[in-house]
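2 protein chains.
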Amino acid sequence: MKRSFIREILEAIDEETISFAGGLPSQNLFPTSDLKEASLKILDNPKVYQYTISNGIEELREQIALRYTNEGFATTKENILITTGSQQAMYILAKFFENKDITIEEPSYLGAMNIFRLNNLKMDGVKLEDDGVNIEEFENSFKNRKLTYLIPDFQNPSATTYSSEKREAVCNIVKKYDGILIEDSPYSELFFEKKMPYISQAIPNNSFLLGSFSKTLVPSLRIGWIRADEEKIKSLLIIKESIDLHSCGISQYILAEYLKDNDKYERHLQVIRDDYKEKALYFSKQLNLILPEFKHQTPKGGMFLYGGFEDKKIDTFALVQECLKKKVVYVPANQFYIDKVPNSEIRFNYTHSSFKQIEEGLKLIKSCL
Amino acid sequence: MKRSFIREILEAIDEETISFAGGLPSQNLFPTSDLKEASLKILDNPKVYQYTISNGIEELREQIALRYTNEGFATTKENILITTGSQQAMYILAKFFENKDITIEEPSYLGAMNIFRLNNLKMDGVKLEDDGVNIEEFENSFKNRKLTYLIPDFQNPSATTYSSEKREAVCNIVKKYDGILIEDSPYSELFFEKKMPYISQAIPNNSFLLGSFSKTLVPSLRIGWIRADEEKIKSLLIIKESIDLHSCGISQYILAEYLKDNDKYERHLQVIRDDYKEKALYFSKQLNLILPEFKHQTPKGGMFLYGGFEDKKIDTFALVQECLKKKVVYVPANQFYIDKVPNSEIRFNYTHSSFKQIEEGLKLIKSCL
Chain A
82 MKRSFIREIL EAIDEETISF AGGLPSQNLF PTSDLKEASL KILDNPKVYQ
132 YTISNGIEEL REQIALRYTN EGFATTKENI LITTGSQQAM YILAKFFENK
182 DITIEEPSYL GAMNIFRLNN LKMDGVKLED DGVNIEEFEN SFKNRKLTYL
232 IPDFQNPSAT TYSSEKREAV CNIVKKYDGI LIEDSPYSEL FFEKKMPYIS
282 QAIPNNSFLL GSFSKTLVPS LRIGWIRADE EKIKSLLIIK ESIDLHSCGI
332 SQYILAEYLK DNDKYERHLQ VIRDDYKEKA LYFSKQLNLI LPEFKHQTPK
382 GGMFLYGGFE DKKIDTFALV QECLKKKVVY VPANQFYIDK VPNSEIRFNY
432 THSSFKQIEE GLKLIKSCL
Chain B
82 MKRSFIREIL EAIDEETISF AGGLPSQNLF PTSDLKEASL KILDNPKVYQ
132 YTISNGIEEL REQIALRYTN EGFATTKENI LITTGSQQAM YILAKFFENK
182 DITIEEPSYL GAMNIFRLNN LKMDGVKLED DGVNIEEFEN SFKNRKLTYL
232 IPDFQNPSAT TYSSEKREAV CNIVKKYDGI LIEDSPYSEL FFEKKMPYIS
282 QAIPNNSFLL GSFSKTLVPS LRIGWIRADE EKIKSLLIIK ESIDLHSCGI
332 SQYILAEYLK DNDKYERHLQ VIRDDYKEKA LYFSKQLNLI LPEFKHQTPK
382 GGMFLYGGFE DKKIDTFALV QECLKKKVVY VPANQFYIDK VPNSEIRFNY
432 THSSFKQIEE GLKLIKSCL
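Respectively, the protein sequence lines represent chains A and B.
For any residue, its number in the working numbering is found by taking its place in the first sequence, counting from 1, and adding 81.
For any residue, its number in the working numbering is found by taking its place in the second sequence, counting from 1, and adding 81.
No false leads were slipped in.
Here are the simulated lysine to aspartate or glutamate pairs, EDC-like style, with alpha carbons at most 16 Å apart:
no., chain 1, residue 1, chain 2, residue 2
1, A, Lys117, B, Asp125
2, A, Lys117, B, Glu118
3, B, Lys366, B, Glu440
4, B, Lys122, A, Glu118
Residues from chain A that keep clear of chain B, each with C-beta distances beyond 10 Å, as calculated:
no., residue
5, Glu218
6, Gln351
7, Lys366
8, Val422
9, Ser435
Which bits of chain A does chain B cover? Going by a derived footprint, with three or more residues having C-beta under 8 Å, they are:
no., region
10, 111-121
11, 125-133
12, 166-178
13, 187-198
14, 301-307
15, 316-324
16, 327-333
No lab work stands behind these hints: they were computed from the structure.
Bear in mind that the values here come from a model prediction, so they are computed numbers and not experimental data.
We put the beta carbon where it would ideally sit given N, CA and C, even for glycine.
Please model the entire structure based on the sequences and the hints provided.
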């Protein structure tokens, strides 16, 4: 197995490089003083430093469950398994479904695809359209596999948001074949206008819903979770405790303390949403000005902007090598396809760069064409 | 796969139960104020909250490497991969050696055995004697497998410490067949009298050496590591970054800050060594007084005391069910054998109980016989 292109790039580039490549949240927006304050309140207590149970500490699971319940998705702490980032959640599921066939979107999240390969899941790609997967293709693929991995909100890499109709259609197909949906939703809270209901909400016993604090709060706590029915959580727990016994206890206690004041988190979410929206609109505008030959949809949330050159002969994988020399980098979209077919598409991250860097970076790319 | 008996017990028992079961370090000895002080120094810095590289932060890898180098085992940061506890280190290796045959000690560490099963490694058990594995049996097993997992210092569960002769013999066999040793050493720093050299030290290119801060400092940081040659570390890194991208960043920065003052950590280690030694000797003495029919070796370090009843017909798995009713618990040793054969052996943890609880607990066990 090869390493992820993105991880390799993140290590190879220097501080002068303008990076549209990673999925790094904006460091300026981290609520460092609130997190420090929460830390101060818990770090005297010896129990915070001891082994914890593998499911995750009760206080944190309760708070996550409460957030779902308040949105109309009835959830208790028994439905939640804390994981070491959402990445581990995906790994646990890949291990659980080892050797199975799975339907995924194409393009899809690189980290998930690598894990599926590592655990020998055979992927079948279904074309992603502007409002979600092509439903006919999806049903054809799903009926033979009964297992799918989808990212309905502000998808990584494509920034696609599923329409209500497509959410309902996917839901009906999962029910019809009594299959399983893995719904990955690290970006759901990062909407610019409105939040859509989770697909899992209508099929709570046929779904695993993944969440994370990495994109909404800070990544280094390494806290994500899986929401599923209690029996499924018990099965996953066996794998979780084999992999790392439990996720970082200190992170869990800091988070639980921070979340006690729910308004604080809500205010913080609003700050990121406003900031990311402004950045997304600016990025989109600059693209239209500087690279009008690059066609894209303006994102409705999340961290990415996706599109392709009108001239389909442009190979963005070849182009990025040139861009690297000029100190600008993005992720060429061939990485997000099962067979890594060359194409003219690009995923841009817009959250990690300043307005000035966005303009400069796009001009540098233009100069490489 | 079933859940670990120990994890199930830890969840099932209540606060009144005297537990000799877990591997919990003594909470009273956690250097909470020093860890809080280190935290305060780093928690204002936004970079501490961002994604880090998968290998682990440079400062921490350097400090771990330096400790080995100071002991005469030349090591650089490139030889170190930070993991989410030593448990994840083992998982990564089990994934790396998926489907292979492996020689292990019998009895052996339950967490490792579960991971090997989960990743389809076929285990062959070699009898553990008072000074390490039976060398003839070991060579017979190893020559066909070329892969072994050993815990030479204060083994879990048996508390066995390998003699210099057996360390050398194992080392020669690994070299002779150009095989691989996985040397697990979470307890090496918890010696009562002296530290023995790692077996890996003599075969640095044929070994993976595992370390952890969970037993020597605090478990909830979830920081362990693998020491190996640079090429091996690169191979493992691909698996590591698939599982959780990286270990908790905040934990890593707290640790790196705490370890800057090396004397502080050394003083802390001396405190635990002295305390654990006193507890071990007391536990051993009380066993001789209260349960003279239970034969055991006094441990030379670590956290466990191991032995068996003279009356081999006593099934300690059946006995523990009775003990649970009387609110005392230990781990019956059948758990530590590949085929879970019934036997009269027990693993006691002595670090988590008070002197009073040790005496009371042993009397309760006596009353169940």
